[in-house]
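Here is how the chains run, residue by residue.
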Amino acid sequence: MHIALDPRTKLYMILVVSMVVLMTATTPFLWGVRIFMTMVPITLLFIEKKYASAIRFLIFYGVALVLTFFFLSEDSSGILTAILIGYCGIVVQFMPAMITAWYCVRTTKIDEFMSAMQKLHVPDGIAISLAVVMRFFPTIKEEYGSIRDAMKMRGISFGGGNALKMVEYRMIPLLFSCVNIGDELSAAAITRGLDGNVKRTSIVELKLRTADILLMLVFTTVLGIFIYCKYFR
Amino acid sequence: MNSSKLKAKDFITVGIFTAILIVVEFLCGMLGYIHPYIVASYVVMIPLVGAIPMMLFYTKVEKFGMITIMSVLIAIIMFVLGMGYLGAPLIVAAGVIADLIAKSGKYKSFKKTIISYGVFCLWICANYFPVIVTADSYRKDLLDGGYSAEYCDDLFRAINEKTIAVLLILCFVFGCIGAVIGKKVVKKHFEKAGIV
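Protein chains in written order, with this note's numbering: chain A, 1 to 233; chain B, 1 to 196.
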């Protein structure tokens, strides 16, 4: 089975999830709504055959939920629990937004994204920059991995315990490669006529299908229920 | 074609450096969950570490708008990652002012760059906004969300409407110090290599 969602639906999903993430769940019912909402992108990941990451997210989220509900409470103390609470807190609180964002970034092709942005009348500057940001996180991770490998090969691990050196040793090579990649990217963009004065056409035709409309409805309902239960009851 | 208009190359530069800055912010942010006082010390850490990429970015800025777009992007990403919309106006305002200051020095004057970066750093304080503006409900939310009472007490002792002024000033000061250090690093590594 294959569902190709419209990038606009994905953007809408991100918007709703970010808004819900801002409001903390206080009752078990609201927790249920939140968990349901988190399950949607995970299911979508399964459908897109990204099993590894879907299972990873599922386990992460599940463990954090169990820990928060059964083992931690307001009056737990001690440094280890404090760290544990912190990490469980961040996972439970922000994971839904992170999963959704990750799903959207991984499954949206850049031309689809640009075409959606054009349809939404987002200024070119913001659309292009945002597309670059989206594509750049994996690149940074990759480059950082090679820098770490190179350092390991030469036996440099912590920069001699000097905090400033530690930052410098990692940051400078990373910046070098990022600047170079940026130059290549600009050259590629110019050959594709990103600087042109005419309206750009796109090879992908964006259309809202049944699945898109269904998902948008579901998410709107979730948002409505959440706001209603939290503020008007 | 108008030479002061932004081109695709500029947008790509903005995108890349925003991504790097977000990574820096995120790594520092992870530490904050250990102890709330570290949350308050973002104002020292992020300006200092972020200064290196930002100074390199400033050498590439020649037109008005690049720093503004960067602040808009940061505001969008902060919202998506769940930091809220309360800080967004502050982030964009800091970006526009920083851009205007740098423009008054024609993007070449080093003094103006330092001040501009200091102002730009104020966006970090935007992350504290929910803590201050909605203090009571935020505290309740944190407790319901599973944070310990100890963490909350410390957090609100470190960040409240009295300390925010100090934090803002610290942010600015360390932004300026960071700019000087960052400039030195850029000179040491990048100008020699001919990349700037």
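Heads up, some of the hints might be wrong.
If you only want the chain B side, here are some residues facing chain A, beta carbon under 8 Å, derived [to be verified]:
1) Phe-11
2) Ile-16
3) Pro-53
4) Leu-56
5) Leu-81
6) Ala-93
7) Ile-97
8) Leu-100
9) Thr-163
10) Ile-164
11) Ala-165
12) Leu-168
13) Leu-170
14) Val-185
15) His-189
Rough simulated footprint, nothing fancy, chain B against chain A, three-plus residues with beta-carbon under 8 Å [unchecked claim]:
16) 164-171
17) 199-210
18) 215-221
These are computed hints drawn from the structure, not numbers from a lab. A virtual CB, placed ideally from N, CA and C, is assigned to each residue, including glycine.
Quick rundown of the hints versus the structure:
no.: 1; hint: Phe-11; result: holds (4 Å)
no.: 2; hint: Ile-16; result: holds (5 Å)
no.: 3; hint: Pro-53; result: holds (6 Å)
no.: 4; hint: Leu-56; result: holds (6 Å)
no.: 5; hint: Leu-81; result: holds (6 Å)
no.: 6; hint: Ala-93; result: violated (17 Å)
no.: 7; hint: Ile-97; result: violated (19 Å)
no.: 8; hint: Leu-100; result: violated (17 Å)
no.: 9; hint: Thr-163; result: violated (21 Å)
no.: 10; hint: Ile-164; result: violated (20 Å)
no.: 11; hint: Ala-165; result: violated (26 Å)
no.: 12; hint: Leu-168; result: violated (23 Å)
no.: 13; hint: Leu-170; result: violated (19 Å)
no.: 14; hint: Val-185; result: holds (7 Å)
no.: 15; hint: His-189; result: holds (5 Å)
no.: 16; hint: 164-171; result: holds (count 3)
no.: 17; hint: 199-210; result: violated (count 0)
no.: 18; hint: 215-221; result: violated (count 0)
In terms of the numbered hints stated before, the structure departs from hints 6, 7, 8, 9, 10, 11, 12, 13, 17, 18, listed from lowest to highest.
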